[in-house]
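Sequences listed follow chains B and H, in order. As numbered in this note's numbering, residues 1 to 115 make up the first sequence, in order. As numbered in this note's numbering, residues 1 to 109 make up the second sequence, in order.
Hints were generated in silico from the structure; no laboratory data involved. On a predicted model such as this, the values are computed, not experimentally measured, just so you know. None of the hints are false.
Among chain B residues calculated to face chain H with C-beta under 10 Å, some are:
{"id": "1", "residue": "Gly-3"}
{"id": "2", "residue": "Gln-6"}
{"id": "3", "residue": "Ser-9"}
{"id": "4", "residue": "Ala-31"}
{"id": "5", "residue": "Gly-42"}
{"id": "6", "residue": "Glu-44"}
{"id": "7", "residue": "Phe-45"}
{"id": "8", "residue": "Ser-58"}
{"id": "9", "residue": "Gly-59"}
{"id": "10", "residue": "Gly-98"}
{"id": "11", "residue": "Gln-104"}
{"id": "12", "residue": "Tyr-105"}
{"id": "13", "residue": "Phe-106"}
{"id": "14", "residue": "Pro-108"}
{"id": "15", "residue": "Gly-109"}
Here are the simulated lysine-lysine pairs, DSBU-like style, with alpha carbons at most 30 Å apart:
{"id": "16", "chain 1": "H", "residue 1": "Lys-2", "chain 2": "B", "residue 2": "Lys-57"}
{"id": "17", "chain 1": "H", "residue 1": "Lys-67", "chain 2": "H", "residue 2": "Lys-2"}
{"id": "18", "chain 1": "H", "residue 1": "Lys-56", "chain 2": "H", "residue 2": "Lys-42"}
{"id": "19", "chain 1": "B", "residue 1": "Lys-57", "chain 2": "H", "residue 2": "Lys-70"}
{"id": "20", "chain 1": "B", "residue 1": "Lys-57", "chain 2": "H", "residue 2": "Lys-42"}
{"id": "21", "chain 1": "H", "residue 1": "Lys-56", "chain 2": "H", "residue 2": "Lys-101"}
{"id": "22", "chain 1": "B", "residue 1": "Lys-15", "chain 2": "H", "residue 2": "Lys-42"}
{"id": "23", "chain 1": "B", "residue 1": "Lys-17", "chain 2": "H", "residue 2": "Lys-42"}
{"id": "24", "chain 1": "H", "residue 1": "Lys-101", "chain 2": "B", "residue 2": "Lys-15"}
{"id": "25", "chain 1": "B", "residue 1": "Lys-17", "chain 2": "B", "residue 2": "Lys-57"}
{"id": "26", "chain 1": "H", "residue 1": "Lys-101", "chain 2": "B", "residue 2": "Lys-57"}
{"id": "27", "chain 1": "H", "residue 1": "Lys-101", "chain 2": "H", "residue 2": "Lys-2"}
{"id": "28", "chain 1": "H", "residue 1": "Lys-42", "chain 2": "B", "residue 2": "Lys-11"}
{"id": "29", "chain 1": "H", "residue 1": "Lys-56", "chain 2": "H", "residue 2": "Lys-67"}
{"id": "30", "chain 1": "B", "residue 1": "Lys-57", "chain 2": "B", "residue 2": "Lys-11"}
{"id": "31", "chain 1": "B", "residue 1": "Lys-15", "chain 2": "B", "residue 2": "Lys-57"}
{"id": "32", "chain 1": "H", "residue 1": "Lys-2", "chain 2": "H", "residue 2": "Lys-42"}
{"id": "33", "chain 1": "H", "residue 1": "Lys-70", "chain 2": "H", "residue 2": "Lys-2"}
{"id": "34", "chain 1": "H", "residue 1": "Lys-101", "chain 2": "B", "residue 2": "Lys-11"}
Note that CB positions come from ideal geometry on N, CA and C, so glycine has one too.
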Amino acid sequence: GAGVSQSPSNKVTEKGKDVELRCDPISGHTALYWYRQRLGQGLEFLIYFQGNSAPDKSGLPSDRFSAERTGESVSTLTIQRTQQEDSAVYLCASSLEGASGSEQYFGPGTRLTVT
Amino acid sequence: QKEVEQDPGPLSVPEGAIVSLNCTYSNSAFQYFMWYRQYSRKGPELLMYTYSSGNKEDGRFTAQVDKSSKYISLFIRDSQPSDSATYLCATLPGYALNFGKGTSLLVTP
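Okay, chain B solo, but in the shape it has when bound:
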């Protein structure tokens, strides 16, 4: 079946611009996650959705970052007033449920470059 998809695959933007990154999870997966992978760093957790609600936003690095999920499906991660330190690969994952132990499946990521 179809896996997690993300768009765009690459995004180059100027410092100060806003960007939107999209994630389509595996059909039927109720839990959705966003992670960030900066060069030379491990994956960092950003936010978790169970259905359309986000019980944990603790990983969002600043108030310039926000995310929403609609219809228990598509999610959008928005970064306002982008900074160079926002350059990273943004990865989305989904799992059947959000309980501990649920296997998470990742999309290919969006590579964001802020110039």
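Starting from the known structure of chain B, fit chain H onto it as the hints suggest.
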């Protein structure tokens, strides 16, 4: 101290060698352990999933968890050039994965 520590390598081995990849973790309460494989410019792919201690085998891959020493291992037998990738260990204390930084593996023909 990071919750999961992993030597970034790089690790280079000849084709056919046995590869041993390792991680340590800090919280003895962790119960779920994963290994992901990530090819260049791709998302991580779930390779192995282990609950609590013990071994799990899948083809040429064996995952091992030693909770007494808080040590996670992945063994690859008969390594192939197609195994060249970054291998990420992770724990799952709740719903958010804690990842090591990943070990870069190169298998040379």
